[in-house]
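Q: Work out the full structure: start from the sequences and follow the hints.
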Amino acid sequence: MVSLLRNQKVRNTLLQVLFVGSLAAMVLACVMIARRNLAEQGITSGFDFLFKSTGWDVNFSLLPANANDPYWWFFLIGIINTLFLGTTGLVLATIVGTIVGLARTSSNELARLLGRTYVDIFRNIPLILQVFFWYAVITHLPTPRAAHEAFGMLLTSRGLYVPIPNVGGAALAAAMLAVIAAIALPVWLGRTPRLNQPFGERSTIQLAGAAAALACAAVILAVGRLPDLPLLDFPALQGLNLKGGMRIPPEFSALAIAIAIYGGSYIAEIVRGGFKAVGKGQMEAALSLGLSPWRVFTLVRLPLALRAMLPILANQYVWLMKATTMGIAVGFTDFFMIVALTINHSGQTLEVIGILMAGFLAINLSLAAVFNRINKAIALKGNQLRG
Amino acid sequence: MDSTLPSGPAVRIEGLDKHYGSFHALRKINLSVERGEKIVICGPSGSGKSTLIRCINRLEQHDGGRVTVLGTELNDDVANIDGIRREVGMVFQHFNLFPHMTVLENCMIAPMIVRKRPRAEAETTARRFLEKVRIPEQAMKFPSQLSGGQQQRVAIARALCMQPQIMLFDEPTSALDPEMIAEVLDVMVTLASEGMTMICVTHEMGFARRVADRVIFMDAGEIVEEAPPEAFFTSCRNERTRQFLSQVLGH
Amino acid sequence: MEMIVVAPPAPGRLEDLKRRFFATPLQALLSLISLTIMAFIVWKLLDWAVFSAVFTTGGGPEACQAAAGACWSVITARWRVILFGLYPFEEQWRSALACVSVVVMTVLSCMPAFWTGRRIALVWGAGTGLYYVLMKGGVLGLPYVGEEAWGGLALTLFIFVTTCLVGFPLAICLALLRRSDLPWISRTTGLIIDGVRSLPLISILFTFAVVLPFALPQWLQGDKLYRVILGSALFFSAYQAEIVRGGMQGVPAGQEEAAMALGMSYWQRIGRIVLPQAMRNALPATINQFVISFKETSLVVIVGFFEILASGNAAYGTGEWRFAYVEVYAFIAFIYFVFVFSLSRYGAYLERRMSVSER
Chain A
1 MVSLLRNQKV RNTLLQVLFV GSLAAMVLAC VMIARRNLAE QGITSGFDFL
51 FKSTGWDVNF SLLPANANDP YWWFFLIGII NTLFLGTTGL VLATIVGTIV
101 GLARTSSNEL ARLLGRTYVD IFRNIPLILQ VFFWYAVITH LPTPRAAHEA
151 FGMLLTSRGL YVPIPNVGGA ALAAAMLAVI AAIALPVWLG RTPRLNQPFG
201 ERSTIQLAGA AAALACAAVI LAVGRLPDLP LLDFPALQGL NLKGGMRIPP
251 EFSALAIAIA IYGGSYIAEI VRGGFKAVGK GQMEAALSLG LSPWRVFTLV
301 RLPLALRAML PILANQYVWL MKATTMGIAV GFTDFFMIVA LTINHSGQTL
351 EVIGILMAGF LAINLSLAAV FNRINKAIAL KGNQLRG
Chain B
1 MDSTLPSGPA VRIEGLDKHY GSFHALRKIN LSVERGEKIV ICGPSGSGKS
51 TLIRCINRLE QHDGGRVTVL GTELNDDVAN IDGIRREVGM VFQHFNLFPH
101 MTVLENCMIA PMIVRKRPRA EAETTARRFL EKVRIPEQAM KFPSQLSGGQ
151 QQRVAIARAL CMQPQIMLFD EPTSALDPEM IAEVLDVMVT LASEGMTMIC
201 VTHEMGFARR VADRVIFMDA GEIVEEAPPE AFFTSCRNER TRQFLSQVLG
251 H
Chain C
1 MEMIVVAPPA PGRLEDLKRR FFATPLQALL SLISLTIMAF IVWKLLDWAV
51 FSAVFTTGGG PEACQAAAGA CWSVITARWR VILFGLYPFE EQWRSALACV
101 SVVVMTVLSC MPAFWTGRRI ALVWGAGTGL YYVLMKGGVL GLPYVGEEAW
151 GGLALTLFIF VTTCLVGFPL AICLALLRRS DLPWISRTTG LIIDGVRSLP
201 LISILFTFAV VLPFALPQWL QGDKLYRVIL GSALFFSAYQ AEIVRGGMQG
251 VPAGQEEAAM ALGMSYWQRI GRIVLPQAMR NALPATINQF VISFKETSLV
301 VIVGFFEILA SGNAAYGTGE WRFAYVEVYA FIAFIYFVFV FSLSRYGAYL
351 ERRMSVSER
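For the record, the sequence lines run as chains A, B and C.
Quick note on our numbering: the first sequence kicks off at 1 and runs consecutively.
Quick note on our numbering: the second sequence kicks off at 1 and runs consecutively.
Quick note on our numbering: the third sequence kicks off at 1 and runs consecutively.
Don't read these hints as lab results, they were simulated from the structure.
On a predicted model such as this, the values are computed, not experimentally measured, just so you know.
Please note that the accuracy of each hint is not assured.
Unchecked claim - Below, simulated BS3-like cross-link-like pairs (lysine-lysine); rule was C-alpha separation at most 30 Å, straight line:
1. Lys116/B / Lys9/A
2. Lys44/C / Lys18/C
3. Lys9/A / Lys28/B
4. Lys280/A / Lys18/C
What the hints assert, rightly or not - To give a feel for the contact side, a few chain A residues facing chain B, derived at Cβ under 7 Å:
5. Arg6
6. Lys9
7. Asn12
8. Gln16
Heads up, the beta-carbon is just placed ideally off N, CA and C, and yes, glycines get one too.
A: Given below as structure tokens:
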């Protein structure tokens, strides 16, 4: 028996069985205890509750929602809210980060100092503190009656009111698609090998494509426009309340601003790192070819830097997506807050935790898949850069 | 492990087989090394000579045949492996000194934690062997502050501090600049003259001629030729051996 | 061939300025824009924070609210709540001392003299022990104060320190398990690590605080504070394990082989040869992880702890200081900034020093 324990193969098998077995036993024990405890409270396990109505409401939703809707609909709303907030924050953070990052790599000392101060301050203050801060700032804005006005928008403690076009929902969505096409078309045209100058310069075709798509968008807007109303619907005070326009709730704006500022400071560092990774030799070679500084930037520095920063950027975006869970701190009904509320109200703890894990796994995996595609598309062919 | 050991050869290898995936690294090797014998193994790269000596202290696991070292068979028994490794010292091509310890600590650590020797005794032993490899003055330096030849001599001293009965050398001079090879070989010659059982993988044919009791030529995982040095260098029978020798000796 | 080096004439002050900031029209424009932004922000900030600010509580909240600038009186009036939470007022010196002990411990562990496994463990054990005794009392004539009364900065520091104290050894265990030759052990551990990493910290904290009591037998549940620390330590260790594993991959395979050839056992090899080198490789990333995890302790406010953010909310949220939220948040942000900034500067310094010593 003792000599058997000294045998390497026996030992290895035993260790593995013990390790996996004890973990599995622990998880199983937890699940069983949880089921018993829940059963005592009269909660039966299973996913039937998904089809019951919730009895409570969400404060932010892009889809129609009320207390009679079933749980599965609320989970969907939560995921869409998370993705919407995440994408907004991600786009804003990227804009902020690019500006600050460029300032940090600029040849101008003052601009560099400004960029560095920004990064040093906002990177070193926890995100949730910044969320609290912006939420307090917004909710301390004046009441609708004394609202600040700027560019047709109203800033109030009840949220930000922005003008929206008086256009039907379907037409608005179609117009948005057309605008996206206007951006995507030139890129696609630029990559299609078949279009080898049968109609003249490639750039002319690209421009024509974009213009056509934009014209399409304008036509859709004109057709879909609601009759007898001005094109833009401005918010305005009527009685004690604000009418018209679209309200962006303080929870959403506080989160989006905080994520943009905090995430921007991280992205700025990634942008800076990306530009630093571009070898001096490549730029000198480009300059020595007689390219103008602007063309050196757009043709050499930017493309190479983008490739260097993309993998790190992908991680940062995943992090930002997960940061939307801070919504619960100010009461924004993102996916996680829906999960927490569901546990409170329905008591279906185990099932809901399972849904939570599956939801974030799906979000992480799909983001990773998107970035892998982009990475592959722009990767340098061969290995000229990394030797 | 006792110092009064059962008699018999220091190392006995019978029908040793070793695969890396589908690559057959060692094919049915038979080799016996007597106590106090000095063996030099040579052969082209990829011929399995390093794998062979790494099987002797089970840095590699063999998958067929038997390896018996100092009367103990190396098998899946964990205690046997630990016991054998204490009695078999090894010197590597790339020295593998511990960079976060001084030269002295490199030599003291194994006797202290493996053989449980008191610190003072381990230090005396370490200094004695550093003296023997002729670098006592470097004891307090870190490996990165030494030249390659000095590092390899420390590595030899480190292995000797465990007072092993067999020493394995895995291409000890291949990573060295030419002017440092001699200082390492000198130490190895001294060691040989004191009666240590040595198995050396090396291309230093001068060393082989001077020290070895037997020279072994390996190719494609097999022992092709095995002879005392005089016979090996003057009248080898195999074509592959002759070709190899002419390359190494540069004629 | 000889070159004659002509030193450029020493430029005057004005020319120097011109060369640095106004070399080309574009540079001049950039400089001007940056300068305007900086001057505007610095002036506004100074005016708000210093020139027009009120520092004393003399006039009460009303006088303070009337002032054009910052109302630092709220800090003067409420700093004890922010730093120590609901800890009994006469005993708050203990809370302060406990914070000092944690800070001293952190500073000591930044010194290379303490970078051996045993010394670091000793320093952290002593520091945390001292903190615990001071805060909890019940011995040495100190009155007993339960965990539910801990709060403010003191609680934030406690959660951070215990997270690291539990999380670090756990991270090393996870890294070793993931690196194991035994396929089922390394796969299962990989699954756990990647699973935890794919979840947001808040969801883990929530699970440990709210859900876990359902799934554990009564005697294992423990206090909510310690459950949350466990969750936060698990999260920390999942990230740190990957950092440690990266450090281990940087240790050449020959190191472990040499140790094996000398007859060292697995634990001797890991403890004496692999880990010391791996930790050195992983040091910059580790400091970075500490920085991130310090910032993330602020998230426990969501599961209902009275740490520094919650105590800050309480400091302005009740009664007469309602208007002074900016000052309170600025104060807390400053505290966080001091800790996080100095730690990350230290990390950057270490990284520079290591990259120099490698050359």
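Q: Are the hints correct? Go through all of them and say.
A: Hint check:
no., hint, verdict
1, Lys116/B / Lys9/A, "28 Å, holds"
2, Lys44/C / Lys18/C, "28 Å, holds"
3, Lys9/A / Lys28/B, "23 Å, holds"
4, Lys280/A / Lys18/C, "26 Å, holds"
5, Arg6, "5 Å, holds"
6, Lys9, "5 Å, holds"
7, Asn12, "9 Å, violated"
8, Gln16, "16 Å, violated"
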